[in-house]
Structures are given as C-alpha cells and as structure tokens.
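Line by line, the protein sequences are chains A and B. For what it's worth, the numbering used here labels the leading residue of the first sequence as 1, then goes sequentially. For what it's worth, the numbering used here labels the leading residue of the second sequence as 316, then goes sequentially.
A hint or two may mislead.
[What the hints assert, rightly or not] A few chain A residues that face chain B, going by a derived Cβ cut-off under 10 Å, partial list only:
1. Leu39
2. Ala50
3. Lys84
4. Thr89
5. Ile152
The set of hints was computed from the structure by calculation and includes no laboratory data. Idealized CB from N, CA, C, for every residue including glycine.
In case you want the letters, here they are:
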Amino acid sequence: MLRLVISRLVSLAVTLLAVSLAIFLIMEVLPGDPAAIMLGTAAREDTLAALRQELGLDQPALVRYLEWIGGLMHGDLGQSITYKMPVSTLVAERMNVTLPLSLLAILISTALALPLGVAAASRRDGAVDRAVLVFSQLGVAVPNFWIGLLFILFFSTWLGWFPAGGFPGWSSGIWPAFQALLLPALALALPQAAVLTRVTRSATLEVIGADFVRTARAKGVDKGGTLRRHVVPNALIPVTTILGLQLSFFFGGAILVENVFNLPGLGRLAYQALNQRDLVVIKDIVLIFSGLVIVVNFIVDIGYALLDPRLRGRS
Amino acid sequence: MTKRLLTAALLFSVSVIPAFAAKTSLVVGMPIEPPGLDPTVAAPVAIREVTWVNLYEGLVRIDRTGKVQPLLAKSWEVSPDGLTYTFRLQEGVKFHDGSAFDSADVKFAFDRARDPKSTNAQKQIFAPIASIETPDPATVVIKLKETSGNFLYYLGWGDAVIVAPETAAGNAANPVGTGPFKFKSWTRGDRVELVRNPDYWQKDKIKLDSVTFRFINDAQAQVAALKAGDVDAFSNLGAPELFAEFQKDARFKAVAGNTEGEVVAGMNNAKKPFDDVRVRRALMHAVDRKALVDGAYSGFGQPIGSFFSPNQPAFVDTTNVIPYDVEKAKALLKEAGYGNGLSITIKSPQMAYASRSAELLSAMMAEVGVDLKIIPTEFPAKWIEEVFKNKDYDVTIVAHTEPLDIDIFARDNYYFNYKNDRFKAVVAEAAKTTDEKARYAKYAEAQKILAEDVPALFLFQLPKLGVWNAKVQGLWENSPIPSNDVTEVSWSE
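This is chain A alone, in the form it adopts within the complex:
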C-alpha cells in the first residue's frame, strides 16, 4: 500500500511540472498583449510603454517562467495584472464559492444517481427502470447552462424563491449563501447524475448476473440482503472511476454555470482573466484546475485499492 502511494505521488509531481510548462508555452503563443488590452482604444505609445514596464512584460520568457515556478515553490502565485492584487487572495476568495458549489453538486449527483441506478437495475425493464432511462437520456442530452437558465426563469423570476444569481458571501449567513448555491449546484449536478445513473445501473446489472450472487441467493440470502452486501459494494468500483472522471467535468462545468448564475467562483475568474489576458491569473488557475484533477485521480487510485483488496498487491 505504501509503495503504491509513493509511486503515485512521484508521477503526480512529474505530471504537474509538465503541465506547468505546457501552460506557460500556450500562454506565450496566445495572441493579445495584456497592456494593450487594458488601455484599449485609449492606448498611446507612451502610456503603453509605461504600463508594459509596470507589469514586467518587458522581461524575457525564460525569466518569467522561472519567476513563476520559483514563486509557486514558495506558495506565491504572483500578482493579478488586472486586479493588481495577489492571485492567492483572489483564488482563496473564489474557492469559497467553487469548492462548496462542486461539493454540493457531487453530493446531489451521487445522492440521486446511486439509488436510482440500483433501483432501475434491480427491477430491470420495469416501470422504474424505464422512467430512470428516460430521465437519464434527457439529463445527458441537456447541457447544464441551459438547465441553469430554466431554473432562473422558473424559481427566481416566476416564483421568487431563489436569487436570480450572484453570491452574497458566507458572511451574510449560511442560509443565504446556501440558497445562492443550490440552483447552480443542481444545474451542475443533473447532467452528471444522469451519466452516473446509467453507469450505476449497468454496473449493478453486471454484478447481479455474476455467479457469486446466484450462489448467495441459492444459499438463502434475500434479495435486499444480496443487493446490500454483495451487489452494491462490487458495483461501486466502476462507479468510483466515473465519479473521479466527473470531477474534472464539475470544474469545467462550473465555468459555464458560474457565468449563468453570476457566481464569483474560480471558473468565472478564469473566464474573465482569459478575456482580459490576465496571463498571471490564467496560468495559476489552469494549473490549479489541472492540479485538482491530478490529485482527484490520485485519490481515486487509492480508493480502488481500498475497495478492491486485489489491487493492493499490484505496482
């Protein structure tokens, strides 16, 4: 187990370094000079030169890469070009929105998908199964930003139950903040829940057909007991894989959903920064998103090992 953890940690670090280099190189070829963008059509030669110098854009690429990585080693993410404040502060503020949003979405998604998937599989071709299939088909087809728009129209504009967007901040209290996050989390969760439901259903069906389940039934264990003790734990392995993969979708989807709901999260910060060519912020956020995905994969790998004792011996 320890050897597995260490080897995974090493590959994690190598991947992160490669990703950082790739991000930096992409930023270098991205068209658009941040200083010129900030000054827009009001730009004049002298102001442009003054601003480029102030932002350190006159330095060579290698120097800027090394400064970036060097800063990261010390936990310094640099200064945002547009906001002129430490990126770490910006990111921390935004994490207060994106992290709870993603966690809530994962919670909703799994809370819907696991019971629905298992229920559909255990009554194969029945009414429940058909209903679940229709629901999941719909959920896969409809994009989350569209669901978000519908939610706003129905729950905010018509019923007035939820704010139409924005985030009052955690300082305004748990309930107002939760209220602002619930609709976006649902919008984010539903398409993923649909995918996860299908995966859970087919994984469960596969296990139900396995020999050891038949043996258990033959030995007199009732249907519910077989499901709980034998089927679900085994079906969880493929489900965990998909759940891990889905986490990156949650972060990606957060960009769209945060824009629809006007939430000041990390995704929207990334979107804004890209528009403004705030290169420092984009680099950091892409690295953080990549880092999160890599770390999640690491956790999933370890999770496998815990769920399936056979994997512990390998690698």
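Please arrange chain B on chain A, whose structure you already have, making use of the hints.
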C-alpha cells in the same frame, strides 16, 4: 397553473416589501466589473461608472446635460489670453480618511497624472499644462503652454479627479476620495459596496445611505435580476430585444437615452480599395442605417452621419450627406473600377451589436455587388492585437465610447490609417479655440468633412437603455460621460 404561480409570486413579493418608509439603499447593475477603483491610472470605463463623483470628485464636474459645473472648485477665472486658469477651491472639504483637501492635493494629483511614468489613460488632458502654482491652500493657478478650448471640460472627466498624496497609491483596491460615498467593501467578481460619507461637504444633498454596484455580464441574467428585484437599476441593459418588455411594465421605468458610443465600421484607408473615396462613399450609400438600427439594436439607436454624439452641444446632423441609395452606390463602384463586384472582409467582435451589424452590413453590401465576408474576431484581445495594433484588416466594426473623441481621425497611426490634413487642422483649431461659439463652428466643420470623406462607415449612436424600479428618482437618462452618478438619487414614497 401559470396564473396560480404568478399569484403566488405576487403575494410573496408583496409580503417581503415593507409598506412604509422610503428606501435609502440602491443596487445598481453593471455589465462589467472594474479591474480596480482608481480612474486615474487605467482606461476601463467600468472604473468611472462606479467611482466618478460618487467616490472621487474633480475640480469641476460634467452635469447630466454635458455642461461643465463647479465641484471642488467653487469658481474660476480665465485670463484674457486664455493661458491662466485661477481656481478658488471649496473649503472645509475632507478626504474619506479624514485628511483635509487643499490646493496641494490638486497639484499632486495633476503632477502625478502627467508624469512620464503615469499610466493615466487620458494624459492629453494634462498635456497643455506648463505649471501648477498654489499661492494659498484655497487657490490653484494653472498656466497653459497653449490655449485649450476643452480644458475645463476635460477636468470634469474621471481621469482628472483629485486624489491625496497619502492614499493615491492604494486607491485601486482601497479608494479614498472626497465624494459623498465612501468605499465599504469589494466582493471581487460580484459587487462593490459604498456607504454614505458622514463628513461630506454637501451632505444635505445626498439622500441614499448606501449604494451597491453588482456586476452581471449576461443579458438574460440582467433581466432576471431586475425582475427578481435583486437589482434596482441597470443603467444600460445588455439586451435591446428585451427592453420593450420593460417599457410596458409599470413596475419599471425604461428610458432609451444617448451614450457617447458611436458604432462605426472603420475602413483601412491606406489599403486598396479603401484609399479611393468613391469606394468609401459607395459603401456608405449601400447602408440603410434605419434598417441596421432596427435589426441590430431593436430600433433603439440613433443613425449618425459623422463621428459626434448628439449629447454634445456642437453636434450637427449629417445623416443626409451620404444617404441610403443603392443605385448611386453601384454607379460609384463602377466609376471606381469595381463594376464587376468587389470582395472584402469585415473583422467583427463578438459583442451582439457588432456581430448583428456585420451580418446586416454583409446583406446590404450584397445588394450593390460587394461580397463582405465576416471574420469573427474576439474582443478585446484579438481585436486589439490584429486590428488596433497591427492594422491587419479591411473593414471592422466597434463602438467608440469616449466623449468628444472626434480627434481619433486626426491621430497618426490610429487604426483607420486615415490622413486628411485639412481635417487635422480643423480639429487642432477647434481644440485651441476658447470662444465657445467659434469652437462649436469648428467642430461642425470637422463633422462635415468626415461625413463627406467617410473614413469609416458611420452607423449609429449606441443608446443607453436604462431600466430602473419606477420608484427610483434622479438617475441619468443620457450618458454625456461614462458614469453611474447616484448623488441625486432617491426613492419615492
């Protein structure tokens, strides 16, 4: 079902609004978040829309009709030669940090703005200044190198507000001015909150206790926020097609005013075939501006024939100089040697007004045998790089939102690549002339030159589609200067 839901919604909204006491807080929606809160070091209009006269004040201000009014300077004299301005300052004015405002602050603010290292976006405001003297704390004497007819007007801009030496460096994140509202907090990505300044020098004038600016980029989300009551006012709604709905709704006041933003399809005047004035005129004849406004802005913009805002006192209507005339367009193209057609491209940013206009223009051009191919170009990043900096384009389209910016056609190396010495001379003359009437006459002449010479296709003036709660009073209907001035706002009842 719908009816029941609506009734439920109505009952709910009624139950949460207290039936007594006028409100003293205001939530203003804006499409774009300012990158900082110091209008003297960066260009974005959003900075001024939050801070101008709410947080910071200048020596003078521009009022809602575009005229110059006293503010921190209670009066001024201009010497007969037009070169010396003597300002008498308001006394007893304090900055938000408690320090006193006096002539030294004025000198500091202007010296800082005109410093070579300054990133003030409108340095040209300060270019005519030769020296700034402070004979006593309540007097500032500014000597100019040359006469400047717009000097006072420019001092009313956000770029010329007065900041204090002790706090100027921190203003982007923690603004300190002399205005009626103080900075309270900034939830980045969501809102900026201001509260009433208890020590404001004209405090009896101010009726609001707090103002919150919320940043909502998506047009649909703006509409939802207004309807849900999350936002009390949007000074310029991003969705013209949804504006008429608000005009019919008694809960809201919806006013289509004017902005300073001229939408023009700039042409690369140095490049063939746009170096031929006949081609430029032909293309202008091919444009049905009325149809363009209907299609691109739901009929709310105002067609223009030159590059001047109807908000400005020197405005003259030039839409009839080159009217919509398909036959004339074809004849001119033939005369210029393009009787068999012409193939050109338009680089169009993703803003709704721009991409819709580009599509309509393309259809109109097809009528006169011009194949106008649309190249979507991301704004600002790609557009600034390709069109503005490298001048790599045939035709492009964008709104120019700075007030009194007709001189961009007189700038060397500006992206239009336009050169007209007569125009240059007229604009320079206008800028120097201190006599108001004579100056307006010069600007009228400049507008006519552009209307005839068509360095860009002059399309329409962007409207200011203001929507606010019907009980809110005192917001501006037009926008002669980029701002959300809330100093005269109050709630009825």
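Review point. Can we keep the leucine 39/A interface hint, with Cβ of chain B closer than 10 Å?
Key: holds (5 Å)
**Study point:** Satisfaction of the threonine 89/A interface hint, Cβ to chain B closer than 10 Å
**Key:** This interface hint holds because 9 Å falls under the 10 Å limit.
Practice item. So, lysine 84/A near chain B? Judge it on the closest CB pair being under 10 Å. Key: Status holds, d = 5 Å.
Practice item. Would you settle whether the hint for isoleucine 152/A is holds or violated, based on the nearest Cβ-Cβ distance to chain B being less than 10 Å? Key: holds (5 Å)
**Study point:** Interface hint compliance - alanine 50/A to chain B, C-beta minimum distance less than 10 Å
**Key:** holds (5 Å)
Violated hints are absent here; each numbered hint is respected by the structure.
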